[in-house]
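Asks: Note that the protein sequences, when read in sequence, are chains A and B.
The letter at position 90 of the first sequence is residue 90 when you use UniProt numbering, and the numbering goes up by one with no holes.
The letter at position 252 of the second sequence is residue 252 when you use UniProt numbering, and the numbering goes up by one with no holes.
Hints were generated in silico from the structure; no laboratory data involved.
Be aware that a few hints might be false.
[To be verified] Examples of chain B residues lying across from chain A (beta carbon under 8 Å, computed):
#: 1; residue: R9
#: 2; residue: S212
#: 3; residue: D213
#: 4; residue: Y214
#: 5; residue: R216
#: 6; residue: A217
#: 7; residue: L220
#: 8; residue: L223
#: 9; residue: R226
#: 10; residue: D310
The beta carbon of each residue, even a glycine, is placed where N, CA and C say it ideally should be.
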Amino acid sequence: MPLPAQPPALQVSGYGLDYETPSGRFAALRDIDLSIARSEVLGLVGESGSGKTSLAFAILRDLGANARETGGSIRLAGEELTAKSTRELEAIRGRRIAMVFQDPGTSLNPTLPLGEQLAEVLRRHQGLSRRQAWREAEAALARVALKTPAEMMRRYPHEVSGGEKQRVAIATAFACQPDCILFDEPTTALDIITARQILELFERLQEETGVASLYISHDLALVSRIADRVAVIHRGRIVEEEPAAQVFSAPREDYTRQLIASVPRPDRRLVAPAPAAAAPLLEVEALTVRYGRDRLLDRLRGRASRQVEGNRAISLAVRPGEIFGIVGESGSGKSTLARALAGLNPFEGSFSFEGRRFARPAELDRAYRRAVQIVFQHPDSSLNPRQQIREILARPLRLYDAPGAASLAERVEALLAEVQLPADFARKYPHQLSGGEKQRVAIARAFASRPQLVICDEITSALDVSIQAQIVQLLLSLRERFGTTYLFITHDLNLIRQIAHRIAVMYRGDLVELVEVEALAAAGPRHAYTRALLEAVPTPVG
Amino acid sequence: MSLSYFIRRCGYIVFTLLVVSLLVFGITQLLPGNAAVMLLGENATPEALAAVSSRLGLDQPAWLQYWHWLSGVLAGDFGTSLRTGLPVGPMIFGALGRSLLLAAAALLLMLAVAVPLGVVAALKRGRLADLLVSLVSYVGVSVPEFVTATIVLILLADPALRLFPASGYVPLGEDFWAGLHHLVLPVLTISVILVAHVSRMVRSEMVDVLHSDYVRAARLKGLRRRTVLIRHALRNALLPTITVVALDVGYLLGGIIVVEEIFAFPGIGRQLIVAIQARDLPAIQAGALVMAATYGLANFAADIAYAWLDKRIQYD
Numbered sequence: 001m002p003l004p005a006q007p008p009a010l011q012v013s014g015y016g017l018d019y020e021t022p023s024g025r026f027a028a029l030r031d032i033d034l035s036i037a038r039s040e041v042l043g044l045v046g047e048s049g050s051g052k053t054s055l056a057f058a059i060l061r062d063l064g065a066n067a068r069e070t071g072g073s074i075r076l077a078g079e080e081l082t083a084k085s086t087r088e089l090e091a092i093r094g095r096r097i098a099m100v101f102q103d104p105g106t107s108l109n110p111t112l113p114l115g116e117q118l119a120e121v122l123r124r125h126q127g128l129s130r131r132q133a134w135r136e137a138e139a140a141l142a143r144v145a146l147k148t149p150a151e152m153m154r155r156y157p158h159e160v161s162g163g164e165k166q167r168v169a170i171a172t173a174f175a176c177q178p179d180c181i182l183f184d185e186p187t188t189a190l191d192i193i194t195a196r197q198i199l200e201l202f203e204r205l206q207e208e209t210g211v212a213s214l215y216i217s218h219d220l221a222l223v224s225r226i227a228d229r230v231a232v233i234h235r236g237r238i239v240e241e242e243p244a245a246q247v248f249s250a251p252r253e254d255y256t257r258q259l260i261a262s263v264p265r266p267d268r269r270l271v272a273p274a275p276a277a278a279a280p281l282l283e284v285e286a287l288t289v290r291y292g293r294d295r296l297l298d299r300l301r302g303r304a305s306r307q308v309e310g311n312r313a314i315s316l317a318v319r320p321g322e323i324f325g326i327v328g329e330s331g332s333g334k335s336t337l338a339r340a341l342a343g344l345n346p347f348e349g350s351f352s353f354e355g356r357r358f359a360r361p362a363e364l365d366r367a368y369r370r371a372v373q374i375v376f377q378h379p380d381s382s383l384n385p386r387q388q389i390r391e392i393l394a395r396p397l398r399l400y401d402a403p404g405a406a407s408l409a410e411r412v413e414a415l416l417a418e419v420q421l422p423a424d425f426a427r428k429y430p431h432q433l434s435g436g437e438k439q440r441v442a443i444a445r446a447f448a449s450r451p452q453l454v455i456c457d458e459i460t461s462a463l464d465v466s467i468q469a470q471i472v473q474l475l476l477s478l479r480e481r482f483g484t485t486y487l488f489i490t491h492d493l494n495l496i497r498q499i500a501h502r503i504a505v506m507y508r509g510d511l512v513e514l515v516e517v518e519a520l521a522a523a524g525p526r527h528a529y530t531r532a533l534l535e536a537v538p539t540p541v542g
Numbered sequence: 001m002s003l004s005y006f007i008r009r010c011g012y013i014v015f016t017l018l019v020v021s022l023l024v025f026g027i028t029q030l031l032p033g034n035a036a037v038m039l040l041g042e043n044a045t046p047e048a049l050a051a052v053s054s055r056l057g058l059d060q061p062a063w064l065q066y067w068h069w070l071s072g073v074l075a076g077d078f079g080t081s082l083r084t085g086l087p088v089g090p091m092i093f094g095a096l097g098r099s100l101l102l103a104a105a106a107l108l109l110m111l112a113v114a115v116p117l118g119v120v121a122a123l124k125r126g127r128l129a130d131l132l133v134s135l136v137s138y139v140g141v142s143v144p145e146f147v148t149a150t151i152v153l154i155l156l157a158d159p160a161l162r163l164f165p166a167s168g169y170v171p172l173g174e175d176f177w178a179g180l181h182h183l184v185l186p187v188l189t190i191s192v193i194l195v196a197h198v199s200r201m202v203r204s205e206m207v208d209v210l211h212s213d214y215v216r217a218a219r220l221k222g223l224r225r226r227t228v229l230i231r232h233a234l235r236n237a238l239l240p241t242i243t244v245v246a247l248d249v250g251y252l253l254g255g256i257i258v259v260e261e262i263f264a265f266p267g268i269g270r271q272l273i274v275a276i277q278a279r280d281l282p283a284i285q286a287g288a289l290v291m292a293a294t295y296g297l298a299n300f301a302a303d304i305a306y307a308w309l310d311k312r313i314q315y316d
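From just these sequences and the hints, can you work out the full model?
Replies: Take a look at the structure:
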């Protein structure tokens, strides 16, 4: 008699979920079917609001009070979870199924030592004594390649780096050798190189333990690299499921095709070669920015100043009409530079714009500010929530006295049209707009003064890839029309290689390398850090 | 928390007390009529007044008087009461001790009631229990203590029932049960407002913490509900509450004056009222200074406790 086939580690079939909202029922998940075998990695890709995180919490049976399940089954190694009581689930969670959250900065308890947070799982599920659990936890920390596990056990979350925190969270998930682990964007909150290391750790542990993994991400390129199969989720439905290698090469559904077209690919350039070198539009000479107060008390006591250098003697030149990229990890000083050039940070050294030299923020006059505009990362904090869009846009129009005899309302309307927003948006408030629409308003505000240079500080980082692609298209068409020069700051190396002419790589306040993108593609990077960055970025398969 | 932080905080509190002492002294200087007039009455002869003034040092310049007073205070000598002729120090500290007993009992009762109330309200957010707690809190916050005291008196001090005595004080060392009995009504009155205030704080902090990622992570680790609630949620929710409790000590000191008067409790508030009525300047100065110092020290203790409990706060 043949042995009965082993059930999949995780199987979801015909599952549906609604959320009760003040404006009626909202369908979060519909007809979800998926199955993960032992040792398998299923990638789940979707944009924000697609329902991917809801699915993770539904599998773990941790749903809010307003959740209404519409049927279906969730089986963990053949055992039905939907019928389990809270008490039964408590015994399963952490032991047979675990989860790694997106941001280890918020998923670890700030007032408990890291070791406690790991050891408590072992005490709870494996009946270990306090001392045994502590020893076992220390060994678990060693397995996730933390260098000083004993010391790490006693530290608090705020005392270690983001990567170290995520290693602790991963060690906790793996602690009881569960059948299945759900990873909810475990590298999104981390820097590029750290993210790469966490990804390698995931691959190693996954291989060693053979745990079935559901890897949730918005990053199709990343998922196609690490998963066996990729499921694409859109508006609560899984629209397509393919072996990882085929998602990019042979997508079947329209939505997947759109998504793939939005994923930035360094090999598909979106701009023509830069115009022939003319006199630079912007020339930065030995610009240094220091942060922190020089405290009187410290100076009296002869202590060294506590100031931190955000930028160290940066020099670069931006040509007219060029897209100049600045990349680097968080804390590398790229936004510091942007803010200094916008007159928002005090600086030492100087820069020239169209031949006029500025050595102090106070010298930046109206003519400069008209010519140089900045767009920030988060439109939510850069747009006044209490003003209508027309007020937000009218202000720079009045200030810079844009040419033409049209009325202010007409000019606001024209400005909205430039960023492809309908005229009736003028009477809306920022909170009534989506993230992409808000960023369009912020771009419109920057273009109100017809600037020569626009500084884009991570303007697409908070957006989904499809929206990012639209915003990038918008910037390129505006450049076509007005001949605008961009200083484009981002940590997305794939995107910047698609649109920039030259890239400056920053690391801990220094500009370490300045390369022509075409040369980079042909000859590769020279500086070791640039190479490390490029190697850390997953590019699409195929 | 580093030693230098601790020392700096100590420096702040010394500075604060100095400023307070200046204010207290300055205000008593501004009061109409001086101590000599109060001692001898309105009809005293100018000669007698001058004699008494020079004996009390009132003819000296203000800064010198302040210096004498301050150096006396530092040496533990708060002067002599104009009303009783006895040293003010022992009188004030005796009263302060009784008031602190009252305050400590009120704080303990408040914590024992407010924290569970806040937690229950947070867990049953939007449901009946939450609404009831909110309602009670609003009423508690908005009713002044003399009204609360009256209600408490009517309900619990009915002479026919002989539940609790309506006024007076018996030292705990003398007769423990009688002493405790006398504390019940004033403590109850003071606690009502504190409970209302702190339970609202615990509720809102708890609601935030219950929605945090780390509480969800703790739940998804399969920890028992009680462990998640106490070890992960309540611990973090109580931290900001410490600061509120310290601020409430300020209220406590103000509220205690009214409550002590109503229940004829011989604490520092009552002492101060008597001193003011008798224009007993040294007693007023000492009372005000001691109350300000108590408030300052309570906040100091809260800062230190917070720094010790919340390791994230970096003090250099």
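Asks: Would you mind marking each hint as holding or not holding in the structure?
Replies: Results of checking the hints against the structure:
no. : hint : result
1   : R9   : 15 Å, violated
2   : S212 : 7 Å, holds
3   : D213 : 4 Å, holds
4   : Y214 : 4 Å, holds
5   : R216 : 7 Å, holds
6   : A217 : 4 Å, holds
7   : L220 : 5 Å, holds
8   : L223 : 6 Å, holds
9   : R226 : 11 Å, violated
10  : D310 : 6 Å, holds
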